[in-house]
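Top line first, the protein sequences correspond to chains U and D.
Quick note: the first sequence, position 60, residue 81 per our numbering, numbers continuous.
Quick note: the second sequence, position 114, residue 123 per our numbering, numbers continuous.
What the hints contain is simulated information worked out from the structure, not anything from laboratory work.
Backbone N, C-alpha and C fix where the C-beta goes; we use that ideal spot for every residue, glycine too.
There is no bait here: all hints are sound.
Have a look at the derived ranges for each label pair, beta carbon to beta carbon: (1) D:T61 - U:D137: 49 to 55 Å; (2) U:H255 - D:E89: 32 to 38 Å; (3) U:G136 - D:T87: 49 to 55 Å; (4) D:D101 - U:H278: 23 to 29 Å; (5) D:T84 - U:L233: 21 to 27 Å; (6) U:G136 - D:C82: 50 to 56 Å; (7) D:T84 - U:D194: 47 to 53 Å; (8) U:L233 - D:T24: 36 to 42 Å; (9) D:E108 - U:D257: 32 to 38 Å; (10) U:A103 - D:D101: 30 to 36 Å.
What follows is each chain in one-letter form.
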Amino acid sequence: MGRFHHHNHAHAHDEHAHDEHAHDEHGLHEHDGVWHRHDDHDDHDDQRDVGDHTGYETGGMRVEVLEKILGENDRTAASNRAAFRAAGVRVVNVMSSPGAGKTTLLAGLFSLAHGDTRFGVIEGDIETAIDADRLAATGVAVSLVNTANGFGGECHLDAPMVRSALPRLPLDDLDVVVIENVGNLVCPAEFDVGEDARLMVFSITEGEEKPLKYPVMFRSADAIVINKMDLLPHLDFDLDAFLANVESVNPGVQLFHTSAKTGDGFGEVLAWLRGEGGDPTV
Amino acid sequence: MHELSICSSIAAIVTEHAAGRPVERVVLDVGYLRQVVPATLMYSWELIVAGTPLERAALVVNHIPAVIECRSCGTATTIELPVFRCPCGSIDTEVTAGEELLVRSLDITDITDITGRAQTSEAGT
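Can you build the whole structure from these sequences, using the hints too?
Structure below.
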């Protein structure tokens, strides 16, 4: 009959909602016997065959691919890294949940640096220039990436987004570039953007169980800032339990205790940002 | 919601390897240490491939358990919880499986079938 049909193997398409009825959800197919609407490529010619999925003995062929899904991102990250190396800048990817205090901490650190270290910032936010403006006010160079602006509202920065921010930074005139990632404990950890090191900011209002709930993020950090320490007397936060949880997912990770409100602990974090103190990742 | 990004990347890889041939099935290896939500991945895939030549390609996921190997005692342990500590007590461990995120293979629909289909298409529509 020469009829094409894609249901020629028993591989349970229904589990994945890939039977033709499910396509109706997209409004792309009618199901009155002429249910396909495929224009250019026209993979489906057989408009009379709707229901019978059995009895096809087409051969089919398996193609081994074994390609990393994020390979393209990783290649761009490598290219970013090469650009950073060439300019002689250290690059730190700062990640946290929304509201952990990244921007307050960074603004405090930049003020403390008094221009001794030339910082640049790649500011990642889904919307607004609020954080970018706040950091620019401390005198650092800021390149804003709004992920809702041409990047589909992504909840993380990836290597191409960071790449797009580079022309707006005077890399050759900088010592350290801080990438302030989108506030999110999941997605940013999955994307290499070309950084030298990853700093995670955790605030004690988030709860001691978070390392176990977001192990990939906690594990990916080269150093973790434990922020809002000034609130410790007011909270039920169990610091020892938190430290034990960190130890189980990322044994031996470098820890800093800070209060972005009071500035406590800033000196050590600033030294680490600058790559001082035998940071093995530099 | 980085599943959408992941699905865009999968579609690009599949399109390249399929080289115009109709794809029936895409098999992925996804490690337990990758933060991919299966239901979200499937939903994202439908959004990404809708109206494209990959519209009828089903996504199948091989889940790969996380395994750590101890540098002290050499034991390999499959971990169920995010505790990267060897049963011997050592924290000097290395993840040897569970971080996979790759397109393993494609199933291409039989070529002779395509020929027949094309002929039917010309005659019928």
